[in-house]
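Chemist: Line order of the protein sequences matches chains A and B.
With the working numbering, the residue at position 194 of the first sequence is 196, and numbering never jumps.
With the working numbering, the residue at position 140 of the second sequence is 574, and numbering never jumps.
Accuracy of the hints is not assured; some may be wrong.
Rough simulated footprint, nothing fancy, chain B against chain A, three-plus residues with beta-carbon under 8 Å [what the hints assert, rightly or not]:
#	stretch
1	51-59
2	78-91
3	102-110
FYI, nobody ran anything at the bench for these hints, they're computed from the structure.
Where a beta carbon is used, it is the ideal one built from N, C-alpha and C, also for glycine.
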Amino acid sequence: MIRLTEINKTYPGAVPLHVLKGINLHVERGELVSIMGASGSGKSTLLNILGILDNYDSGEYLLDGTLIKDLSENKGAEYRNRMIGFVFQSFNLINYKNAVENVALPLFYQGVSRRKRNMLAMEQLEKMGLADRAHHLPGELSGGQKQRVAIARAMITNPSIILADEPTGALDSSTSRDVMALFRQLNRQEGKTIVIVTHDPGVGRQCDRVIRISDGLIIPDESIKTDN
Amino acid sequence: MKIQFFDIENWKEIGSTLARNKTRTFLTAFGIFWGVFMLACLMGGARGAEDLLRRNFEGFATNSAIIFPNNTTIPYMGHAKGRRWQADHTDIERLRVLLPEMKTVTSQSAEGNISFRNGRHSFSGQVWGVEEGFTDVMLPEIESGRFINEADVSKQRKVAVVGKKVANELFPGESAPVGKTILVNGIAYTIVGIAYQTSEIQMNDRIDNVVIIPVSTFQKGFNRGDKVDVIMMVGDNSADFSQLEPKIRRVLYSRHQIAPDDTNALWYLDISAEFSKVDILFMGVSFLALFIGLSTLIAGIIGIGNIMWVIVKERTQEFGIRRAIGAKPADVTVQILSEGVTLTAIAGMAGISLACLVLGISAALTANETSTPRFQMTLWQAFVIIGVFILLGTLAGLIPAIKAMRIKPIEALNDK
Numbered sequence: 003m004i005r006l007t008e009i010n011k012t013y014p015g016a017v018p019l020h021v022l023k024g025i026n027l028h029v030e031r032g033e034l035v036s037i038m039g040a041s042g043s044g045k046s047t048l049l050n051i052l053g054i055l056d057n058y059d060s061g062e063y064l065l066d067g068t069l070i071k072d073l074s075e076n077k078g079a080e081y082r083n084r085m086i087g088f089v090f091q092s093f094n095l096i097n098y099k100n101a102v103e104n105v106a107l108p109l110f111y112q113g114v115s116r117r118k119r120n121m122l123a124m125e126q127l128e129k130m131g132l133a134d135r136a137h138h139l140p141g142e143l144s145g146g147q148k149q150r151v152a153i154a155r156a157m158i159t160n161p162s163i164i165l166a167d168e169p170t171g172a173l174d175s176s177t178s179r180d181v182m183a184l185f186r187q188l189n190r191q192e193g194k195t196i197v198i199v200t201h202d203p204g205v206g207r208q209c210d211r212v213i214r215i216s217d218g219l220i221i222p223d224e225s226i227k228t229d230n
Numbered sequence: 435m436k437i438q439f440f441d442i443e444n445w446k447e448i449g450s451t452l453a454r455n456k457t458r459t460f461l462t463a464f465g466i467f468w469g470v471f472m473l474a475c476l477m478g479g480a481r482g483a484e485d486l487l488r489r490n491f492e493g494f495a496t497n498s499a500i501i502f503p504n505n506t507t508i509p510y511m512g513h514a515k516g517r518r519w520q521a522d523h524t525d526i527e528r529l530r531v532l533l534p535e536m537k538t539v540t541s542q543s544a545e546g547n548i549s550f551r552n553g554r555h556s557f558s559g560q561v562w563g564v565e566e567g568f569t570d571v572m573l574p575e576i577e578s579g580r581f582i583n584e585a586d587v588s589k590q591r592k593v594a595v596v597g598k599k600v601a602n603e604l605f606p607g608e609s610a611p612v613g614k615t616i617l618v619n620g621i622a623y624t625i626v627g628i629a630y631q632t633s634e635i636q637m638n639d640r641i642d643n644v645v646i647i648p649v650s651t652f653q654k655g656f657n658r659g660d661k662v663d664v665i666m667m668v669g670d671n672s673a674d675f676s677q678l679e680p681k682i683r684r685v686l687y688s689r690h691q692i693a694p695d696d697t698n699a700l701w702y703l704d705i706s707a708e709f710s711k712v713d714i715l716f717m718g719v720s721f722l723a724l725f726i727g728l729s730t731l732i733a734g735i736i737g738i739g740n741i742m743w744v745i746v747k748e749r750t751q752e753f754g755i756r757r758a759i760g761a762k763p764a765d766v767t768v769q770i771l772s773e774g775v776t777l778t779a780i781a782g783m784a785g786i787s788l789a790c791l792v793l794g795i796s797a798a799l800t801a802n803e804t805s806t807p808r809f810q811m812t813l814w815q816a817f818v819i820i821g822v823f824i825l826l827g828t829l830a831g832l833i834p835a836i837k838a839m840r841i842k843p844i845e846a847l848n849d850k
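Okay, chain A solo, but in the shape it has when bound:
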């Protein structure tokens, strides 16, 4: 599903910063993996490249068989919309839109009619157990509820991968467990490929595989036993 080959990324500047120094990474369809690393290790940059939010200098990135390289802003937006579902640490919901409208927003950019996208969004919210919160604004929801709305938004376009950036970073431990359980459920039941960037070992343990990144390089794979 994700295949990175010799990805290099340097931030230009007075002292150029070589952040990614030849990343090779392969994530299979239906995998639930976490990317872990200390701050400054390059994991955010890696996530941005995976999410088509940033370009890379050399190498090759194949997402679901599509080469992602030197895309125009428009093409990038289209690919993000159709192939990637984002979940962020700070939820990044639009605060003046209610839960249904937030979930439906990606479909707006696909030109889906309001009635149809609200219907689909409602279905997603029901799956997340948030049907009764559908018409609440983000400000009226708890952290865990907000993150579940964000996950519903990530799922609505039926993307190839879900990219989650510290999805439990702003949540307490019990809510974190719920959110992780939700990710695992989506992974197991719907076969979603999910990549979670985290520095929380507890989150890492709940994934099929942990990819460790340090100083711009992947540390060779370390298989994690799934705890059923």
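Position chain B relative to chain A; hints supplied.
Modeler: Below, chain B without anything else, positioned relative to chain A:
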């Protein structure tokens, strides 16, 4: 690729965005609303004010002059200074012959404090002696009957046109006492007409308060011989009264033996010059309105641009989120511009509507029986005002919109 601007989904999205951010929408809209309102009021108001001013000159010939004989101030040809002289019909005839560009040369003579009587009702005021040409200079409103005509003058008829107020005092409760008799200084006259005036210009007194009789009858009744008080002239389009003044003075001075340089012996009132002064005033008012209007417009546009700028700043994260989940740069730009255009159009219409209401009330309050000042804009002006606001509002929104388009999703999302 679909054109987003014409997509109904896009408009629904804009509608809900504007509706959800009520304070922001209101503040932006109010700025535009106020700008349009002020501009529309100024444009319509200037026109109405001009009409109000012009109304003062209604019913008076614009291209005209009035000659008032005065006592001489310079000794000349054996006459001492301070001599009283009067114009007469020979002067009128000579002016008529020598000044072919005159449409009318006529006169007015007045006698004050005359008693008018009808039975036990009495009133006192001025009596005017006029010719039929008087109506070329000053157009009285005839309520009923007619004005003095040529036959009245040539036959020295004892007929009178009575001012409306005089008629009301002498014939209370009678709507049109035409045909009745009025005693003027004890002499009976038949009333042929009732007149009043709407103009604010008056010669000696308002027509409402006087009794007007044929000049011939007047001269006989008050022992004036052939003399008249003032000569009034109305010229055709080619007549320039400021250029004609020396010639007119020469005609009168030579016949009455007045020193050619004795300018005080005759007061020459050039009405057309007075009117052109007023025209300059109107131009000044229009210019001022335009200037203030343009300033309001510029202030309004800067306000819109400023608010748009703040809004884009404030919404950086939102646009970042939108970009991350699939909005193209153009989607964001179109969104901001469409929001701006929608707001400007709605607020603009509201501003124009309120301005129309205010102008309408102003017009209703200042209207009288003969005229309503045009406190109004043309439809064309209204469209131009809104059009200009939409155009400039869009341009003002364009800079922040382009800035928003350049926002990279990661920058926006990191900006926590």
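Chemist: Each hint: holds or not?
Modeler: Do the hints match the structure? See the list:
Chain B is given as covering the stretch 51-59 of chain A, and this holds because 3 residues of the stretch bring a CB closer than 8 Å to a CB of that chain, at least three being needed. Coverage of the stretch 78-91 of chain A by chain B holds in this model, with 7 residues showing a Cβ closer than 8 Å to a Cβ of that chain against a need of three. Residues of the stretch 102-110 of chain A lying with their CB closer than 8 Å to a CB of chain B number 4, which satisfies the three-residue condition for coverage.
When held up to the earlier numbered hints, the structure conflicts with none and fits them all.
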